[in-house]
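> Residue strings, one per chain:
2 protein chains.
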Amino acid sequence: MNITIIGTGSMGQALSSLVAKGGHDVQLLGSADQGTEATGDVVVLAVPYPALREIVEQRGASLAGRIVVDITNPVDFATFDSLVVPADSSAAAELAAALPESHVLKAFNTTFGSTLTSGAVGDVPTTVLIAGDDSTAKATLADVVTAGGLQAVDAGSLSRARELESIAFLQMTLAAAEKISWSGGLALVS
Amino acid sequence: MNITIIGTGSMGQALSSLVAKGGHDVQLLGSADQGTEATGDVVVLAVPYPALREIVEQRGASLAGRIVVDITNPVDFATFDSLVVPADSSAAAELAAALPESHVLKAFNTTFGSTLTSGAVGDVPTTVLIAGDDSTAKATLADVVTAGGLQAVDAGSLSRARELESIAFLQMTLAAAEKISWSGGLALVS
Chain A
12 MNITIIGTGS MGQALSSLVA KGGHDVQLLG SADQGTEATG DVVVLAVPYP ALREIVEQRG
72 ASLAGRIVVD ITNPVDFATF DSLVVPADSS AAAELAAALP ESHVLKAFNT TFGSTLTSGA
132 VGDVPTTVLI AGDDSTAKAT LADVVTAGGL QAVDAGSLSR ARELESIAFL QMTLAAAEKI
192 SWSGGLALVS
Chain B
12 MNITIIGTGS MGQALSSLVA KGGHDVQLLG SADQGTEATG DVVVLAVPYP ALREIVEQRG
72 ASLAGRIVVD ITNPVDFATF DSLVVPADSS AAAELAAALP ESHVLKAFNT TFGSTLTSGA
132 VGDVPTTVLI AGDDSTAKAT LADVVTAGGL QAVDAGSLSR ARELESIAFL QMTLAAAEKI
192 SWSGGLALVS
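So the sequences go chain by chain: A and B.
In terms of my numbering, the first sequence opens at residue 12 and continues consecutively.
In terms of my numbering, the second sequence opens at residue 12 and continues consecutively.
Do not take every clue at face value.
Identical copies go unnamed one by one, so any copy, or any two together, can satisfy a pair.
Straight line, CA to CA, 25 Å or less: simulated SDA-like cross-link-like pairs of lysine to any residue [what the hints assert, rightly or not]: (1) Lys190 / Leu63; (2) Lys190 / Asp165; (3) Lys190 / Leu39; (4) Lys190 / Ala131; (5) Lys190 / Ser201; (6) Lys190 / Thr151; (7) Lys190 / Asp154; (8) Lys32 / Ala186.
These aren't lab readings, by the way, just hints derived from the structure by calculation.
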């Protein structure tokens, strides 16, 4: 499979390694590649939340029919006390509304970059929680995750993205307050 | 210290054991004890969310000046698809508004009962996340938790109860869907 990753920051790089490890082809697109078409069957938007709007404007039409993965955490970094999306919504719900022809999934937002790379949160294997309304799309992404050596768990419908974004937000506040490290976090124990 | 636990279900029993293990006195009150005054310095409401309203009506005035711990998860059990509190609120925020003279904390809602008793989520020591606006109250409860052999982490202001309730809700949906067991969950790794 061909996976496009838009974003070359630490998460984009960690995701590129994960995908490549599973034997898939990676197309990594950075900010200088705005004119390059995303060719992946799966397109991962490994960008900060505020960048989603521009990607939708530039690439929205071309993403129709494809699996689009939102990894963002819409944290209000000015206050670090709330998210910037409405309380009854999520970044993923907003993205799905903006890309009605795409299969939007929420994933990778609850795993710090280092835990994607190391494959573990402390001694617990890293689990990627995946939320979305299309079961086939979720299974496709889960296969990519497990091929790369991590665990994947279906976290339910796309409405569960709200909880996934809450988990990540709390995890980030705990790391910022030095209650945990950026290689720790909330690990899923089965 | 004297700790009152209202509620004799599995969580009330697990919390009684935890508190007693730390050498504190436990007053355990069940539904037949509505006429008995809660005497604890800390009063833990180990009841389902819908029971909070009645406790506030019956005991609200007597809880003034005391530490009151909300452990509830206000899940809509009819749909298992949302919480019954407004999206921008939490059970703990509602309780704090109803008990303005008490020091309301959110705690124990992210730990399944079995992990309170066993002291571990899988191989990870059980951590009790505590949110609240009164630092002294949080430190008092943290001491009770650590005396009982568990870890305690200050999760921030009472507004973080929203995230703690989201974490617990997702955890419950995963257990109900048999993606994890009721002795697993999201374990905090430092």
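> Give a verdict on every hint.
Each hint tested on the structure:
1. Lys190 / Leu63: neither (30 Å within a copy, 31 Å between copies)
2. Lys190 / Asp165: between (28 Å within a copy, 8 Å between copies)
3. Lys190 / Leu39: neither (34 Å within a copy, 32 Å between copies)
4. Lys190 / Ala131: This pair counts as both: shortest intra-copy Cα distance 18 Å, inter-copy 19 Å.
5. Lys190 / Ser201: Result: close both inside a copy and across copies, 24 Å intra and 7 Å inter.
6. Lys190 / Thr151: between (35 Å within a copy, 18 Å between copies)
7. Lys190 / Asp154: between (33 Å within a copy, 16 Å between copies)
8. Lys32 / Ala186: This pair counts as neither: shortest intra-copy Cα distance 28 Å, inter-copy 30 Å.
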